[in-house]
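Engineer: As a plain string of letters, each chain reads:
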Amino acid sequence: EAQVTQNPRYLITVTGKKLTVTCSQNMNHEYMSWYRQDPGLGLRQIYYSMNVEVTDKGDVPEGYKVSRKEKRNFPLILESPSPNQTSLYFCASSGTYSTDTQYFGPGTRLTVL
Amino acid sequence: LAKTTQPISMDSYEGQEVNITCSHNNIATNDYITWYQQFPSQGPRFIIQGYKTKVTNEVASLFIPADRKSSTLSLPRVSLSDTAVYYCLVGLHASGGSYIPTFGRGTSLIVHP
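In order, the protein sequence lines correspond to chains A and B.
Residue numbering for the first sequence follows this note's numbering, beginning at 123 and increasing consecutively.
Residue numbering for the second sequence follows this note's numbering, beginning at 69 and increasing consecutively.
Warning: the hint list may mix true and false statements.
[Unchecked claim] Pair ranges (Cβ atoms, derived): (1) L210(A) - T89(B): 44 to 50 angstroms; (2) N206(A) - K120(B): 36 to 42 angstroms; (3) V136(A) - K122(B): 51 to 57 angstroms.
These are calculated hints, taken from the structure and not from any lab test.
From the three backbone atoms N, C-alpha and C, an ideal C-beta is built for every residue, glycine too.
Only chain A is shown next, with the shape it has when bound in the complex (with noise of 0.2 angstroms):
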């Protein structure tokens, strides 16, 4: 089945304490990004990836680091989290281009305490 998977899907943490949020497809897609989702902000774009080892900003990189080493993972990482990251994040994966159809991953909610 084709799908974007994203650990955990819950996570409560303290500020200032590491943390990485997994991403992997199965799709052999090229292109691959993560959103936050905040009340009355929809989505926003936090970094994306359009090949292994090419990552960009996105509109809301602050805080946040991304890695690429394979076409299948991109995992967020929050070396020092604070409590203005509590958020819905989403990865996705499509294609090649950010305007082919996104496969969005279920979601991971993040509280920074």
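The hints should help you fit chain B onto chain A, whose structure is shown.
Structural biologist: Positioned in the frame of chain A, the structure of chain B alone reads:
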């Protein structure tokens, strides 16, 4: 980067046709227009995509005028299960030729019995 603009919310009743319009004044020549549907706590799901004129699939129609500065998603005979947030997405060129997709804030559609 230019943003898409959609109505924040709409109300309808079962069996009615619903039209949601999205404005995207700075759409690039080779950008496609894509609409997604999102239920609470789930990732967005692809509905329909088009480039110009009209596209129809089993769930919706998409109308795009000649200037492509707007698009209208049409949902025929909505049911309660169509209650969701609908996002209009266009891929926009950033400086350097990269693509950063921009979701609008979405339109919250509520279908009443």
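Engineer: The structure should be examined with respect to each hint, and the outcome stated for every one.
Structural biologist: Results for each hint:
Restraint check, L210(A) to T89(B): a C-beta distance of roughly 26 angstroms breaks the suggested window 44 to 50 angstroms. In this structure, N206(A) and K120(B) meet the distance hint of 36 to 42 angstroms, their C-beta atoms being roughly 41 angstroms apart. With their beta carbons about 52 angstroms apart, V136(A) and K122(B) fall inside the hinted range of 51 to 57 angstroms.
Hint 1 alone, counting from the list given before, is not met by this structure.
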